[in-house]
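Undergrad: Chain by chain, the residues:
Protein chains: 4
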Amino acid sequence: MDNNLKIGIIGAGRIGKLHAENIVNNFRNVEIKAIADIFADKIEDWAKSIGIKNIYKDYKEIINDEEIEAVLICSSTDTHAQITIEAANAGKHIFCEKPIDFDVKKIKEALDAVEKAGVKFQIGFNRRFDHNFKKVRELVQAGKIGDPHIIKVTSRDPQAPPIEYVKVSGGMFIDMTIHDFDMVRYLSGSEVEEVYTNAAVLVDPLIGEAGDVDTAIISLKFKNGAIGVIDNSRSAAYGYDQRVEVFGSLGAVTVSNDTDTTAVLHTGEGIISDKPKYFFLERYKDSFVVEMKEFFDSIINDTEPPVTGIDGLKPVLIGMAAKKSYEENRPVRIDELTL
Amino acid sequence: MDNNLKIGIIGAGRIGKLHAENIVNNFRNVEIKAIADIFADKIEDWAKSIGIKNIYKDYKEIINDEEIEAVLICSSTDTHAQITIEAANAGKHIFCEKPIDFDVKKIKEALDAVEKAGVKFQIGFNRRFDHNFKKVRELVQAGKIGDPHIIKVTSRDPQAPPIEYVKVSGGMFIDMTIHDFDMVRYLSGSEVEEVYTNAAVLVDPLIGEAGDVDTAIISLKFKNGAIGVIDNSRSAAYGYDQRVEVFGSLGAVTVSNDTDTTAVLHTGEGIISDKPKYFFLERYKDSFVVEMKEFFDSIINDTEPPVTGIDGLKPVLIGMAAKKSYEENRPVRIDELTL
Amino acid sequence: MDNNLKIGIIGAGRIGKLHAENIVNNFRNVEIKAIADIFADKIEDWAKSIGIKNIYKDYKEIINDEEIEAVLICSSTDTHAQITIEAANAGKHIFCEKPIDFDVKKIKEALDAVEKAGVKFQIGFNRRFDHNFKKVRELVQAGKIGDPHIIKVTSRDPQAPPIEYVKVSGGMFIDMTIHDFDMVRYLSGSEVEEVYTNAAVLVDPLIGEAGDVDTAIISLKFKNGAIGVIDNSRSAAYGYDQRVEVFGSLGAVTVSNDTDTTAVLHTGEGIISDKPKYFFLERYKDSFVVEMKEFFDSIINDTEPPVTGIDGLKPVLIGMAAKKSYEENRPVRIDELTL
Amino acid sequence: MDNNLKIGIIGAGRIGKLHAENIVNNFRNVEIKAIADIFADKIEDWAKSIGIKNIYKDYKEIINDEEIEAVLICSSTDTHAQITIEAANAGKHIFCEKPIDFDVKKIKEALDAVEKAGVKFQIGFNRRFDHNFKKVRELVQAGKIGDPHIIKVTSRDPQAPPIEYVKVSGGMFIDMTIHDFDMVRYLSGSEVEEVYTNAAVLVDPLIGEAGDVDTAIISLKFKNGAIGVIDNSRSAAYGYDQRVEVFGSLGAVTVSNDTDTTAVLHTGEGIISDKPKYFFLERYKDSFVVEMKEFFDSIINDTEPPVTGIDGLKPVLIGMAAKKSYEENRPVRIDELTL
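Protein chains in written order, with numbering that gives the first Met the number 0: chain A, 0 to 338; chain B, 0 to 338; chain C, 0 to 338; chain D, 0 to 338.
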């Protein structure tokens, strides 16, 4: 047991708990030595039930534990950059949930600290590890569709988040579309250079009053010459809609939604099949395990993590450009933002 | 037989011949009294084989034949407006292939003549009569998806036209996307107010040299608040790709491609199904018959044709705005063009 | 016009009318010189409206018309064999609706007359000309699935026929399954040697009282070693279900139902697509035209028709074996019936 | 930890190991106290790596351990009945892999011992816990398709087992089709009364030489009046084919194969999607966890297990009837075998 990789988890909300349980159930050679949460007392029973012995209120106790080699930063977004810096300075490898921050300067400071410390840094873009999207990427990389011409992402949530969340979310482009910005980079193998946002408040006027939008079509230009489009809605009546398509000189690859079953009911009313899996926890269940595996592997084998610091920065920049494009109703180049 | 509707066809290229044969095979109460083509001698055998007795070089012989009640204008685009005016002045009902013209002023003159003459005028946007798209429209109109939020059209040709054609085509937006502009108006039940074009030359550099593009993502804003997107390519390796999706407050309706068969081959290589029907003649075969039926019905029953003059004008305006948007890389409002 | 193939149609019920209209609309070089029906007065308006000039009460007037080269026998089943014999003796080519007769002896007499006269004889198994099934056959013949091992046919009607029809239909196996018996011969490229019938009355007890069944699973052994199964129902709530599957050493080919559109409605209730096309007239619409084309081609080019006398006899024999199997609850070899 | 359910596993071949790992990863309140295998030394490293402390050569050590409340019998089939009897006599709850035995008398003795001891007894028909089939069952039970008329199961393995295995497998009907016999009982909610087998050796002549068949169509009659059919092949080139269909008075429910991804590649060659998941370990992965959960729940809550002794007996009887039917080429009633 002494050969185990010892890690600490900072933040035990929904996603922190999910990672903890996935690790306990799937990685026998990884030990969660400690978990920290500002509501430490509330998570005690749960943490003990999965065998975590050390439960702290202050994440610094994890940072200061020399035995801990790696940390998972699952706390609220406004703490990501600061904890990243502290963990890097303490020589710990870092898995950080997205986004690193809403502020580019703070993201860069965090990435600088990571670089200086020479620790592994992986950002939580779990969808890259989804079976469907990984297959699309593989087919594209293998040249099966030739040169990519058009990248399309449809990404719609089953229902809008509470309005209180909307207000602190950083806006739809940073909170929700950020995953899609990562996805188009991943699938195209290229960088977004310019973005034009066509957006509206069609789901709930309260979202508009909170200064956000809930429906968008975002047009993209890539460095390799390809073009792309993302469409978003905060509320799809039929459920979580997660489709992508890459079209190129030799063909196209598409993925449709996963469903709970392949059952089809044939009646006088019509031919009825399953709705998509409910939401991201159900839809991307396996990807959360795979991203952990890849993170641990990169530490154990001393290799580059599959989603790095730049992958954490770029989608935030694209999100900011998308927002600016919406506000000014004009295409915005990403390099307008990168001074 | 004296009760038959007598018509004349002007222009016996591919589409003129198609209409002629469809009429002979499907409308027993319609008689093609004459057909005119500048290469009259070349079509003689064909015309006689389907029972058309009068074959003219000069379309004016059709305009001047008082027995002929309606004309189909299937000649080259640059003649549509002028022939429309002459036919309207002669009191003939008109079915005119799209586009009416590349010039808005000439379109308006033609529509003015039609209005003054009080004749029926139908424009050849045949896709409105396609079984799939008609069903989408019906479901949207019936409120099955609630208020439309996002309208998406994928429209890709199996292969680019000859470069000589590209040069005189009016450009991809007027030649090809025009059908999609009509489609989004038809499906949304609303008018396009603004357009932003993201386009590129990815299929063939010769198309770029000819001053045109071959790949595009066109973002749209509708009067009713909905947003939309069209993606185009001049060349899809797997064939003619014609899909639409309307997403709204209560759900979505999608249509996929038609295929020749439902056969699926299951082998060690994979699960392989049919490619889309080859091109527009195969894919929209039935729609060309239905649009004729609707045209004849509007004459016989003295009702409004299902695709009118304004439906001929609007897509040209959107196409021009799309081109301007591409040239200036900014969103362009349709009313910038409508002075 | 004198070069036209002149034909006569005997019987102007639903199927006779269908053929007549298909011929008028699709075959310009074929002239329906006459039509005969015992209710000649009732079809007069219709026949004239499609340009048929000679309408007879007595089919012998067609037989005796020396100018008529071919006849379509679309009268009631009990007259098929007799008219076939008379037409053959008069040297006319024959297209005969299925079944030739319920009585094997009479079928053989008819086929003998045809053979002696040396005329073309095609039986109306239209499903062989269906786009889907033809593709299955082509893939099988091309060796794409290797040696056929299992042939499966699902064939269910949308609703049971009137009980009065059931009583005179010859029973489900001869009336309905006969098409499926033809299909398995067509798809397997082999002959059925033995049949075991598992059948029940589950749709309507009146069908049972009429001495028939309405639901069946029929197990088959083929001469080439393959095995097969047909399942039938007289009533499928979701519509006309017509699927086949051929499974072999290298894979399988399946076809699913045709639908009116590819539209899919996505709502909170589920993902809903079109039911199958309503019934055989809609589902097999094109096949009725193609079988005529093939018949006329075989006359014009003096080639073997694609569905010959033996193809008319075999399915009746299999149907009789299926019935015997049901009555005796044991597998029955076809050659038990062929003395 | 003292509240844990303590179990022992007898037999650590592929399926025994699978259960062990599933338990360790998924059931924190269940402790595998011991595992027994005749090749105990070969499994030691593996067993320790997942935290099992006691590794025995002789399963009796598990039977005799009073702390162990339940056993999983995963040893070779010929030992199932005997171990069941011993475990039952020792008062242990039993999960037994299928089949209980090839001999009905021995099965009955085992079931008698279980009944006398009053212990829980669950048989390993894992497919009942598969997401797809469970949904079919639920829809049928909920009356969504009305009264069941036709039950269809397609069950084809990706490749034939080694010939040495075939020789000791009990034959295809007991080894492979047994799952399908269970499935039709589960889906129909009724008992099979009669079976007729149409089978052949088409995959590999060596299978025939070993006295077995490799391809079959098995026709079934159910007590509730429904009829059914199973088709089997030992070798499907495109992979593991596991589909079912229940057709009834109000409609039908079908399930198709699960795939690794929803990716579809569209090229000039065709539209290509994923093959089925490779084989039962991949395809039914989750069902093995669920069946354990249900077994443990039945112990903890003292409820009836979901698959009981009679469910272990009946499919063996049907399998024997299927074999007899094949040998005698006649339908065989199950009650011919139940004296």
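Source of the hints: derived by calculation from the structure; they are not laboratory data.
Note that beta-carbon positions come from the ideal geometry of N, C-alpha and C, so glycine has one too.
Some clues are possibly wrong.
[Unchecked claim] The calculated label-pair distances, taken between Cβ atoms and stated as ranges, are:
| id | chain 1 | residue 1 | chain 2 | residue 2 | range |
| --- | --- | --- | --- | --- | --- |
| 1 | B | Glu208 | C | Arg13 | 58 to 64 Å |
| 2 | C | Glu335 | D | Arg332 | 51 to 57 Å |
| 3 | C | Leu205 | A | Glu268 | 23 to 29 Å |
| 4 | A | Arg13 | C | Gly145 | 31 to 37 Å |
| 5 | D | Arg332 | A | Gly50 | 55 to 61 Å |
| 6 | D | Asp259 | A | Glu303 | 54 to 60 Å |
| 7 | D | Arg332 | C | Leu336 | 45 to 51 Å |
| 8 | B | Asn25 | D | Arg332 | 35 to 41 Å |
| 9 | A | Glu268 | B | Asn2 | 41 to 47 Å |
| 10 | D | Asn300 | A | Arg13 | 26 to 32 Å |
| 11 | A | Gly224 | C | Thr302 | 51 to 57 Å |
[Stated by the list, open to error] For lysine-lysine, the following BS3-like pairs were computed, each having C-alpha atoms within a straight-line distance of at most 27 Å:
| id | chain 1 | residue 1 | chain 2 | residue 2 |
| --- | --- | --- | --- | --- |
| 12 | D | Lys105 | A | Lys284 |
| 13 | B | Lys52 | C | Lys5 |
| 14 | A | Lys276 | B | Lys143 |
| 15 | C | Lys134 | B | Lys276 |
Undergrad: Which earlier hints can't be squared with this structure?
TA: Hints 2, 4, 6, 7, 8 and 12 contradicted; others consistent.
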